[in-house]
Amino acid sequence: MNRHDLKTIIYAEKTKEENNKYRHKICVCCGASCISSGSEEVMKKLQEEIKTRGLENEVEVVPTGCMGPCNQGPLMKFLPEYNIYQKIDCSNISAIVQSQLTEKKPIEDLLLFADSREKPFLDAQEDPFFKKQMKIALRNCGHINPERIEDYLVHNGYQALDKVLFEMSPEEVIAEIKQSRLRGRGGAGYPTGFKWETVYKYVSDQKYVICNGDEGDPGAFMDRSVLEGNPHRVLEGMAIAGYAVGASKGYAYIRGEYPLAIKRFELAIKQARKMGLLGNNILGTSFSFDIEVRIGAGAFVCGEETALIASIEGKRGTPRPRPPFPAESGLWGKPTLINNVESFAAISPIINNGGEWYSEIGTPKSAGTKVFALAGKIKYSGLIEVPMGTTLREIVFDIGGGMQNDADFKAAQTGGPSGGCIPAEHLDVKMDYESLVSLGSIMGSGGLIIMDKSSDMVDVARYFMEFCMDESCGKCVPCRVGTRMMHDLLQKICDNKGTQIDLNRLEELAVYVKETSLCGLGGSAPNPLLSTLRHFRQEYENRIVKHD
Amino acid sequence: MNTIPVIINDKKLDVDPGKTILEVCRENDIEMLTMCHLKGVMDIGACRLCLVEVEGANKLMSACTTRVNANMIVRTATDKIKRYQRITTELFFAERNHVCSVCVANGKCELQQLGYKVELDHIRYPHLFPQCEVDTSHPWYVMDHNRCIMCTRCVRVCTEVEGAHNWDVMNRGHQVRIISDFNTPWGESITCTSCGKCLHACPTGAIWPKAIVQGQLEKKPEMLSELMEKRKMKL
Amino acid sequence: MNKKKLATVWLGGCSGCHMSLLDIDERILDVAKLADIVKSPVVDGKEMPPVDIALVEGAITSDEHYREILHIRKQAKTLIAFGDCAVMTNVTGMRNYFHLKDVFDTAYRNAISNDQEGKVPDHPSLLKLNEKVVPLQEVVKVDFVIPGCPPDADAIFYVLFEFLHDRFPNLSKAKKLKYG
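Chains as they are written, first to last, in our numbering: chain A, 31 to 578; chain B, 43 to 277; chain C, 37 to 216.
It is worth saying that the hints were derived from the structure and are not from the lab.
Just to be clear, a hint being listed does not mean it is correct.
Straight-line C-alpha distance at most 30 Å; calculated DSS-like pairs for lysine-lysine [unchecked claim]: (1) A/Lys407 - A/Lys165; (2) C/Lys212 - A/Lys522; (3) C/Lys177 - A/Lys527; (4) A/Lys345 - B/Lys54; (5) B/Lys101 - B/Lys54; (6) A/Lys44 - A/Lys135; (7) A/Lys576 - C/Lys164.
Turn these sequences into a full structure, and let the hints guide you.
In structure tokens form, the structure reads like this:
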């Protein structure tokens, strides 16, 4: 298929949409968490209901990706009114459809947050949960059917790919990404444009693009939601990257625990190939690019780029020392670009709207938006996307609706097992790369776990250390033995048997493991320990046995 | 051949580009501690004993895997590195069950030597005392996991020198183990050629021939390096 | 100069370290000039009096050892872990890879030499083995360690001689560090 054919399809789909074939559109969230609370059943029941009422030609029922407030699921959204219903029970569907479509007024008691707010917002977009957000990576998530490429095409899908192939040189694409000041969303925050440029500069007959979807942090589900909600966006980003760096082959490494994401991404690849958006001579140009999915086997360490590469190569997933960096010698020794799912999801909006547009969002050093997975003792947990620099307070109290049972906020853990905690006195910290580092934490991939007074910070540190101990690949000594030692010492302190000597050893080991480990897993494994020690040392002191 | 200048421990050296920091140090009599390094097989940077400070680098670099650059400023054995080497050695001892007095490698063990070099007289961390198997299924050799330090020298020698790839690694974290084939007893391995190279590669008393007792193990790891050198010359 | 008081104690070890101590041979006379050996398995004297130096062989394996080492720590100005067992549990600690019950069963119930049903001795006057053997430094503060199985007589004499002259020995510098 060439460019003209694509335009024709988009035109046809858009006309269909504009002709307003349907009066109503009902979106049912079919993200993994809503499915687990029964949204597939809801979907079936809703379709039956529409059929019984003979509304098939007026109402379109669309299964979508994640809408955001995951713990309120299953969710159902009526468009164009933007009424969202929460915790849908199959027995309510008939009443909702009756009220919404026949009587033209929503049932307020069943609307989103009706049970926790004084009065729910009829138009959910007015709710602080959504109002404070800015969706770029998640733009179409929850609006379109992730299993239909046409839905994506109508929403400007593959326009960026079209633009780069016909109007931009690889250098221009890289310049655009550099101008956007997008930084890697996997956690480390390396400027994406520079990474692309480095890979572009290496001369090789073969280069690779890898999408890192091995999201392993406990409590994090940003990548999953993006892959489930809008796989084509990621695919498009990868193809653009392939064009920019000169790669003809891409790998999407998705963890095996995300069967739905894998299914939808594979479907997206199939659809894109059929439409000529992947494969040889994309849109009739000389650019060829194809993507293969590789499924992770459940090792956290495979999120580390060199371990991930080893895993794709079919080897044991263990990291190797850098340099050489993958940009120079990556997959099968060839220059390789590795970016996170969320980074790729940000590419097409940047191309469509310009790097300058993106760079003006967020803070000067951390541009753009960041997706966070809100979890823990917070009223509304789920998936949110906010401009960089939004304060933690806004996220917790405005978007998240405050603490469960109005308990006192104690700390927020960012970056999962590689990150640290932010105590209550720093609630006004701006969520960007530098500010979090200055508090001893990291942005990480976007897991945000909110804790109240019932959380014991020593136990939190112990939990994350146990995670790192189990997930260490066992290659280098500091990480393999050091995490085990630190875990045992933390367990001892948790059991109220630790002494001051144990605490000293713990601190010594933490710095040692951080500085000497081979890869980022070991290098960041002591972070939760160090940051809880920094902000909650008293809790440790209270636990240790005092000798007279 | 063109050489490049590097500064190691404030001493200017002219060295061949393409060499690793470790090679340069060894050639210039700068003492470097290593455990996973074995001349002739690939370096993996796993033991973290050869860490050096490189000016401009934001972390410590493993000398065995880092190649020299022109005007690189390197410091070995600084106080910090010495402290870390000591902790690494302690962790080696604490991890598995190293009982020198009953070990075939007693007196000839690289781990023992390492302990003496870092002046380690006791281990401050509690020993983990894991339950490890002793595989005596091979007719001539024994694999004692109690004494294994997971340097994977045997794995690399078996793969790169002998080409058999009998050895590999399984599990994760502190539960990693060296395995024969797909975790079958060594004696039932279909890939092992019984060449005995792994015995010489092993730095401790983890792999040894059956006919010996405490302190009698003789190892010739340099034999493997020479073998690889000769092969290169032939090519 | 006042003569110092020296004690040597035998906890969970094989007494090999004490044998090695005797291997200092005639140099024992040099030690005797500087110190009285007030308690030792090789001399009379049941109580542990206050001493300047206590050489403790063996690891902590039982409740009795535990009480004893705490007492020794109180009585001794300088406590020296003497030999690999005291320093890193060594052979004594080899039972730590197993559960204590399995160790007892192997020794008393399932031993090949058992000609009838075995019984684990449990007389109240017997000491009670701890689940895990630990080195001295996990129970008390240790001032100096002499590793080795057994430590060389030279190393032992060197350490004693230095301490008796109020100097702090350094085994590494003296090139006498050895394990096993």
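Which numbered hints turn out to be false for this structure?
2, 4
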